[in-house]
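Novice: Chain by chain, the residues:
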Amino acid sequence: MEIFQIVAIAIVATVLSVLIKHQKPEIGIYISLVTGIVVFIFVVAKLQSVIEILNQLANKINIDDIYLSTILKIVGIAYIAEFGAQVCKDAGEGVIASKIEFAGKVLIMVMAVPILVSLMDLIINMVP
Amino acid sequence: MLMNVDLIFKIAAIGIIVAVLNQVLIRAGREEQAMMTTLVGIVVVLMMVINLVSNLFDTVKTMFRLY
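The listed protein sequences correspond, in order, to chains L and F.
The working numbering numbers the first residue of the first sequence as 1 and each following residue consecutively.
The working numbering numbers the first residue of the second sequence as 129 and each following residue consecutively.
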């Protein structure tokens with residue numbers, strides 16, 4: 001199972017990061033950043049297959065493609081914003097982290113507006 | 129996958145070498161050289177990390193169709 005490899009890598013990287021963070025805080029941040037990316041790349045293949053299945057389901061029920069692609073975009077933005085914010089918070093820069101989260105929220109809101117508009121149209125059409 | 133895990137250990141090795149070199153140079157009374165080696169170490173590691181981060185962003189971009 002991959003989970004054992006992931007946990008092993010993470011623990012070793014944590015020990016290395018703590019070891020070096022005492023002498024050189026900058027390199028400690030690099031190690032935690034690289035470990036996060038390595039674990040994500042390790043799991044991304046599985047995520048890709050899940051997304052493919054979602055697409056097939058959406059096509060079968062012939063939902064409009066814009067909804068699913070917008071949801072995927074929002075998940076992507078949320079993930080990257082959260083990743084950046086965690087790295088900054090880990091480095092002790094709470095201000096930068098909150099700014100990243102704020103920017104992420106705004107971008108997600110911008111993404112969600114078309115769906116809200118189409119929802120409103122739907123409701124208005126239903127009301128006689 | 130294995131290539132990435134080696135990257136963690138490479139960065140850790142560079143970090144340890146820079147830290148030790150830093151201490152040696154400070155003891156030898158050359159603070160400015162110590163600062164220089166720290167900068168060089170950080171820039172080298174930054175180059176490696178930037179490649180990985182751009183790789184991550186490309187992966188997320190293609191997967192979530194965030195063009």
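Treat the hints as calculated values from the structure; they're not laboratory data.
Remember, it's a predicted structure, so these values are computed and weren't measured experimentally.
Possibly wrong hints are sitting among the right ones.
The calculated SDA-like cross-link candidates involving lysine to any residue, where the alpha carbons are at most 25 angstroms apart (straight line), are [as the list claims (entries may be wrong)]:
{"#": "1", "chain 1": "F", "residue 1": "Lys-189", "chain 2": "L", "residue 2": "Val-18"}
{"#": "2", "chain 1": "F", "residue 1": "Lys-189", "chain 2": "L", "residue 2": "Ile-71"}
{"#": "3", "chain 1": "L", "residue 1": "Lys-73", "chain 2": "F", "residue 2": "Asp-186"}
{"#": "4", "chain 1": "L", "residue 1": "Lys-73", "chain 2": "F", "residue 2": "Val-188"}
{"#": "5", "chain 1": "F", "residue 1": "Lys-138", "chain 2": "L", "residue 2": "Val-12"}
{"#": "6", "chain 1": "F", "residue 1": "Lys-138", "chain 2": "L", "residue 2": "Val-39"}
Covered stretches of chain L (in silico footprint by chain F; criterion: 3 or more residues with CB under 8 angstroms from a CB of chain F, positions within the stretch not fixed) [as the list claims (entries may be wrong)]:
{"#": "7", "stretch": "30 to 39"}
{"#": "8", "stretch": "45 to 51"}
{"#": "9", "stretch": "65 to 74"}
{"#": "10", "stretch": "94 to 103"}
Even for Gly, the Cβ is constructed at its ideal location relative to N, Cα and C.
Novice: So if I understand the rule, the pair passes when the alpha-carbon distance is 25 angstroms or less; does F:Lys-138 with L:Val-39 pass?
Specialist: Given pair F:Lys-138, L:Val-39 holds - Cα atoms ~17 angstroms apart, limit 25 angstroms.
Novice: Quick check: the stretch 65 to 74 of chain L, covered by chain F? Criterion 3+ residues, Cβ under 8 angstroms.
Specialist: Holds, because 3 residues of the stretch 65 to 74 of chain L bring their Cβ atoms closer than 8 angstroms to Cβ atoms of chain F.
Novice: Would you mind confirming whether the straight-line C-alpha gap from F:Lys-189 to L:Ile-71 stays at or under 25 angstroms?
Specialist: holds, 14 angstroms
Novice: For the pair we were handed, F:Lys-189 and L:Val-18, check the Cα-Cα distance against 25 angstroms.
Specialist: violated, 32 angstroms
Novice: With the threshold set at 25 angstroms, check whether the alpha-carbon distance from F:Lys-138 to L:Val-12 stays at or below it.
Specialist: Roughly 13 angstroms separates the two Cα atoms, so the pair holds.
Novice: Hey, L:Lys-73 versus F:Asp-186, does the alpha-carbon distance stay inside 25 angstroms?
Specialist: holds, 14 angstroms
Novice: Closer than 8 angstroms Cβ to Cβ for three or more residues is the test here. Does the stretch 45 to 51 of chain L pass it with chain F?
Specialist: holds (count 3)
Novice: Is L:Lys-73 within 25 angstroms of F:Val-188, Cα to Cα?
Specialist: OK: L:Lys-73 and F:Val-188 at ~10 angstroms, within 25 angstroms.
Novice: Has the stretch 94 to 103 of chain L got at least three residues whose CB is nearer than 8 angstroms to a CB belonging to chain F?
Specialist: violated (count 0)
Novice: For the stretch 30 to 39 of chain L, does the count of residues with a C-beta closer than 8 angstroms to a C-beta of chain F reach 3?
Specialist: holds (count 7)
Checked against the numbered hints given earlier, the structure breaks hints 1 and 10 and satisfies all the rest.
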